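There are 2 protein chains.
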Amino acid sequence: MENLLLIIAGVAIVLAIAYAVFNYFCVKKLEEGTEKMGEIAGAIRIGANAFIKYEYKLVAIIGAVIAVVVFIVISWQAAIAFVIGAVLSASAGWVGMKIATYANVRVTNTARESKDVGKTLKVAFKGGSVMGLCVAGFALLGVVIVFLVFGLGLGQIDEIVKGEISKNFITGLESSFTMTLSGYALGCSIIAMFNRVGGGIYTKAADMGADLVGKTEAHIPEDDPRNPATIADNVGDNVGDVAGLGSDLLESYVGAMLSAVILAGEMFMHGMVLSEKLLSSLLLFPIVFAGCGLLACIIGISYIVLKPRLSKNVHMELNIATWIAAGVTVGVGCLISYFMFKDIPADILKTNEIGFKVGEFSPWLAAVCGIIAGIVIGVISEYYTSYDYKPTKGIAQSSKEGPALTVTQGLATGMISCMLPVVVLALAIFGSYQLAGMYGISCAALGMLSFVAATVSVDTYGPISDNAGGIAEMSELDPEVREITDKLDSVGNTTAAIGKGFAIGSAAFAALSLMTSYLFAFSDINLIEELILNIMNPLVLCGALCGAALPFFFSGLLIKAVAKAARKMVEEVRRQFREYPGILDGTQVPDYKTCIEISSQGALKEMRMPCIFCILFPIVTGFIFGPYFVGGVLIGATITAIMLALFCGNSGGAWDNAKKYIEAGGLKDVKEDLEKLKEDAEKAEALADAKAEENVGKGSPAHDAAVVGDTVGDPLKDTVGPSLDILIKIMSTISLVAVVVFSEWNLFNLIF
Amino acid sequence: MENLLLIIAGVAIVLAIAYAVFNYFCVKKLEEGTEKMGEIAGAIRIGANAFIKYEYKLVAIIGAVIAVVVFIVISWQAAIAFVIGAVLSASAGWVGMKIATYANVRVTNTARESKDVGKTLKVAFKGGSVMGLCVAGFALLGVVIVFLVFGLGLGQIDEIVKGEISKNFITGLESSFTMTLSGYALGCSIIAMFNRVGGGIYTKAADMGADLVGKTEAHIPEDDPRNPATIADNVGDNVGDVAGLGSDLLESYVGAMLSAVILAGEMFMHGMVLSEKLLSSLLLFPIVFAGCGLLACIIGISYIVLKPRLSKNVHMELNIATWIAAGVTVGVGCLISYFMFKDIPADILKTNEIGFKVGEFSPWLAAVCGIIAGIVIGVISEYYTSYDYKPTKGIAQSSKEGPALTVTQGLATGMISCMLPVVVLALAIFGSYQLAGMYGISCAALGMLSFVAATVSVDTYGPISDNAGGIAEMSELDPEVREITDKLDSVGNTTAAIGKGFAIGSAAFAALSLMTSYLFAFSDINLIEELILNIMNPLVLCGALCGAALPFFFSGLLIKAVAKAARKMVEEVRRQFREYPGILDGTQVPDYKTCIEISSQGALKEMRMPCIFCILFPIVTGFIFGPYFVGGVLIGATITAIMLALFCGNSGGAWDNAKKYIEAGGLKDVKEDLEKLKEDAEKAEALADAKAEENVGKGSPAHDAAVVGDTVGDPLKDTVGPSLDILIKIMSTISLVAVVVFSEWNLFNLIF
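Protein sequence lines correspond, in order, to chains W and H.
Just so we're aligned, residue 15 is where the first sequence starts under this note's numbering, counting upward by one.
Just so we're aligned, residue 15 is where the second sequence starts under this note's numbering, counting upward by one.
Treat the hints with care, as some may be off.
[Unchecked claim] Derived pair list, reagent style DSBU-like, types lysine-lysine, alpha-carbon separation capped at 30 Å:
| id | chain 1 | residue 1 | chain 2 | residue 2 |
| --- | --- | --- | --- | --- |
| 1 | W | 407 | H | 682 |
| 2 | W | 582 | H | 578 |
| 3 | W | 582 | H | 619 |
| 4 | H | 619 | W | 404 |
| 5 | W | 578 | H | 578 |
| 6 | H | 404 | W | 619 |
| 7 | W | 181 | W | 291 |
| 8 | W | 229 | H | 682 |
| 9 | H | 407 | W | 582 |
[As the list claims (entries may be wrong)] The following residues of chain W were derived to be distant from chain H, with all beta-carbon distances above 12 Å:
| id | residue |
| --- | --- |
| 10 | 18 |
| 11 | 226 |
| 12 | 239 |
| 13 | 414 |
| 14 | 452 |
| 15 | 584 |
| 16 | 754 |
If you're looking for bench data, these hints aren't it; they were derived computationally from the structure.
What you are looking at is a predicted structure, and each value in this text was computed from that prediction instead of being measured.
Cβ coordinates follow ideal geometry from the N, Cα and C atoms, glycine included.
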């Protein structure tokens, strides 16, 4: 039976990767369209490739250093696992970005030729699905290899599957298991960190730079080919929103799986797992569950790929695909949980140490807890950021009083929006803990990410459509084409809200579960009640305070980095407009390449400091103040990073949509009121007033104010927010890798 | 000896209050100046009085409800102590504001008549000193009464002084001591909360409203009598910066003293204080130390009041006064610490349970730790907010690219600025803990606030000078008068930075020490090592998450409240300008009263929700989830509130000063560079560019952008930041009062 279950995971990996290859070539063999379109797409592709190449060179050096250190200080298995993680994560990002830069122009061309939303959607989604399938397939492949080959040694596969565990197996578990698996997670994290941070700086520097001069000074629309920064902006979408997002979610997915697996191993070693059969199930459940989730996603993705005629309701079609994936995962997950834990005696299952309160269904229910929490958090984000609701409308209304109130209202909305999601998170933590102890918390993270292939496909389809629109605009195609791509793009933005909920939620759950393993790794306990991180211990408290400041510091550095790179971009765009006046008339072609280089250089230069700081902080302080201080750092950083991620994501989203609300004429109702007032009005003042308020759409002062808000919010929501999710996981992982060393050797121990 | 020491405190109280009365009448008997000046000052006074009256009515109702609840649920002693605290705190705010509204016009008049900075400074400082002396005098008086009369009962005074403690005494300690003392602290906290929040909303609504229309639309300078909101703005200074600040610092001072006293009592009851003599010293040290600090402040204040001719270097004179107060406090504090603890055997003093690592000097050294930390945090704030340094200059430079980058840079600076102060705080916590255990942490808070009379005097002198400038402007006096008051005002802003460091630092220390007492109050432990708040306990963890969101939620509500009230003000000012066009020509007098009412009503309405929410949150969740959850809430809230307070204070300050930097011509160096460029330039573009950059002072686009930043920052630094300091203390205090009840009776206990 267990053998069969494990085979499911293998089948899922093979199918997913094959499917990705198939879709890749399906998309690539389509026509590019006109020569101009090909040219522009080529420029985007070259820019994106160049950046990723530079970035990967930098990351390779840092990665090599880390690998050597891990090899010397920890073990060769951990070093190999680290390299595997880094290579797989980097490859997923690379492949996904590659196909995105092929797909974008083909989406434009499909829209141009077919004028059909459904057909265009199919191309865009196929492109996105390559990334989705690669992320999940590669991640799972790596987990299986590392887990079976390096974590335990090949000989033990049979043992673990049968649940008959030998001395040899236990030796393997004790000597290298945790370190090797966290080495793998670390490899994925490092790539995710650099891709997210680098991509985030790149894309927002280009975006802000293009907007600050283009929209505000030269008053030309977005994606106008006359703007020299416009190609860089489109490259940024591929670099940040495709490659960055892909390796980010790969890392979350791996983190969720491995945090559960590592925890199971640690609990067994501390005598808290009272049967070998149970250990085997606890170790395999996350992998099998993820495998089934991947199969479910293949079904969901096939719905869109294979359905002969997609309807025009893009939102519905995408939702159906996602819900199929999620629904099948939840349904099959229930069966898996049942089959994997049903043979274990109830008294062992329900003992306090594991705490499966509702027997064999506990891990499954915990996963469901996670899924529900993720959806609810997404819905709450939606409430605070969509212009259908009061908060964002309020920001739009405030824009009438100028940019200061736009910003102020946005900050307030972002701050207020932290409360409810956190309450939901707390409920989910409490619920999943009650269901299955700390293991339940990692199951909740796993639940959120089990159908990651589907969500990444949808998330990647968004920037592909965005790019397609850009290409349509720059190639000066029929506006109808742009309308189709805009429709696809806007749907992408809505579905992204739920994705954000999952990102934050799963990061929090995974970080907590990794922290538990961290505490296990240096404590000598054999009861779950003894797992203590006492915040009243001054060392822990000081750590928590410093840790709490870290996300603020990190965010500040990122914002500054974006602003710095954006200012350089602004100067360059201004220079080009000044030196080549023909650009604005359309008689001269702007120099796109220099802008791309500025974004590249800016991102590569500015990403180092924040990333390296956050990698080194827990290690250096660990060697100085010891493991309790670092424990405090982890909890402090996790708590404030969650708050800041919510704050940044929601305030940024709200500003963005407040601007869109004004563009869509949302403030016009005021205008109509005034229209009526005009008729009744006897006083000249009322008329004058009405006139002042009349211009409330695009280009009005209110819109200008909203643009300021949007520009402020952009780096918050697209650079800082997502990077914070990674920050907490990378810090937990790196501490987990290093703790065995610094818990023995630290300055504090030597002195006190 | 101990009797003598306690007498010092009594003498300090009597002297301080007498001195305050003397200065009050000294200032009041001065001339008001011209009729117009009297009129304006009268309007400000009436506005301020009316608001405080309304506010105190509201607070009286809420206070009465709390008093009754405390009486029923806790004890009559606690209820009386609560009322005493509330009345004393309210009175200090009232008296200080009263004299400030007399002093402002008299400062203007002194400047007008004498044209001498020194003489004007003396009047302003005398006015401020009334508040400083009242705050410290009233607070200490209340502490002595509550401590000796209601905390222990009158009969025990002699016992405690002699260190011979009877059964009776211990019974008193066990039955009502902690509750009564924290009841007193709660009374002070409630008033501080409402005064700070209400005053903060009032002042910033008026300020933002006046600026948004006046500066941005009508282009009239600040404090111009044509702006209808200008009187409301000046009323706001008195309400927020004088009364709000006064009761805020009174509360901090009380919190610092009582957290030490309560902790000493709790430690004794848990068997951790191994001698009665030691208990007596621990209980009395904070009071005696504070008494000496007050005497030292009287000396420092007298330096300015009595010195026949003050120099023109206002900054130096104020610094000398503060340093005298601080120096004498530190010096005498050393002696007190020595005399109070020298008779206690070293083995008792140095045992782990108390942990006086360096014997009788330990509490004093811990206090010094606090003072140093406060100063360093202040200096760091100064670095991030003063325009002499890079961060603020960077914001000013960014303003050239428009408001979006101003805001972005300010946010980044604020976020980055959180790191260093927190590291200093952590070091100080660790240091004071190493010196004298948890008692040391409360001593650190005490150290920061021991010379509060001097710092409040300086802090209050600022808004008095600010008001004086406003009156000079509105009465259309000689610009020379305004120059003098501006000079005084600008110095006030600089000295305020150090004050902020003390405010945040002491709040953090006091909250931590109160939290220790909170844990003592429901745990059954007799070793300090057993004092555990395990963050890995899911209940504590969920509490910490929810607690961490609270300061964000609270801040968001406050910002929203300010923005809402400010928008109403904007509408009113616009209406007046529209309906009475004569106002802008100076032929019609604007309707100041309506604006004052709008600010009043706005503040009164908007302050309720955030304040009541924060008071109820720990109590309600305590009754539902029990004391461990609330413990988590307290630690989570404390940690994020410190971060947010630093972020808000520093970003707001930096924006403010970036604007001032531009006004002072800070961007002109760029202009000079361009001047040179012009000579060399051959291209017309360079000239055009130079022209565009030429206008870099007041009224330039860069300045407009900086004004946006300042407007965004205003509510952050003046409403949110200071309110957060109170938030964490009020939550700790209220939890401490309620914990005995909800640790027995809570829903969670019933279910699980």
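Right, here's what the structure says about each hint:
{"no.": "1", "hint": "407/W <-> 682/H", "verdict": "40 Å, violated"}
{"no.": "2", "hint": "582/W <-> 578/H", "verdict": "37 Å, violated"}
{"no.": "3", "hint": "582/W <-> 619/H", "verdict": "46 Å, violated"}
{"no.": "4", "hint": "619/H <-> 404/W", "verdict": "20 Å, holds"}
{"no.": "5", "hint": "578/W <-> 578/H", "verdict": "33 Å, violated"}
{"no.": "6", "hint": "404/H <-> 619/W", "verdict": "20 Å, holds"}
{"no.": "7", "hint": "181/W <-> 291/W", "verdict": "14 Å, holds"}
{"no.": "8", "hint": "229/W <-> 682/H", "verdict": "27 Å, holds"}
{"no.": "9", "hint": "407/H <-> 582/W", "verdict": "17 Å, holds"}
{"no.": "10", "hint": "18", "verdict": "35 Å, holds"}
{"no.": "11", "hint": "226", "verdict": "6 Å, violated"}
{"no.": "12", "hint": "239", "verdict": "23 Å, holds"}
{"no.": "13", "hint": "414", "verdict": "9 Å, violated"}
{"no.": "14", "hint": "452", "verdict": "8 Å, violated"}
{"no.": "15", "hint": "584", "verdict": "6 Å, violated"}
{"no.": "16", "hint": "754", "verdict": "19 Å, holds"}
Checked against the numbered hints given earlier, this structure breaks hints 1, 2, 3, 5, 11, 13, 14 and 15; the rest are met.
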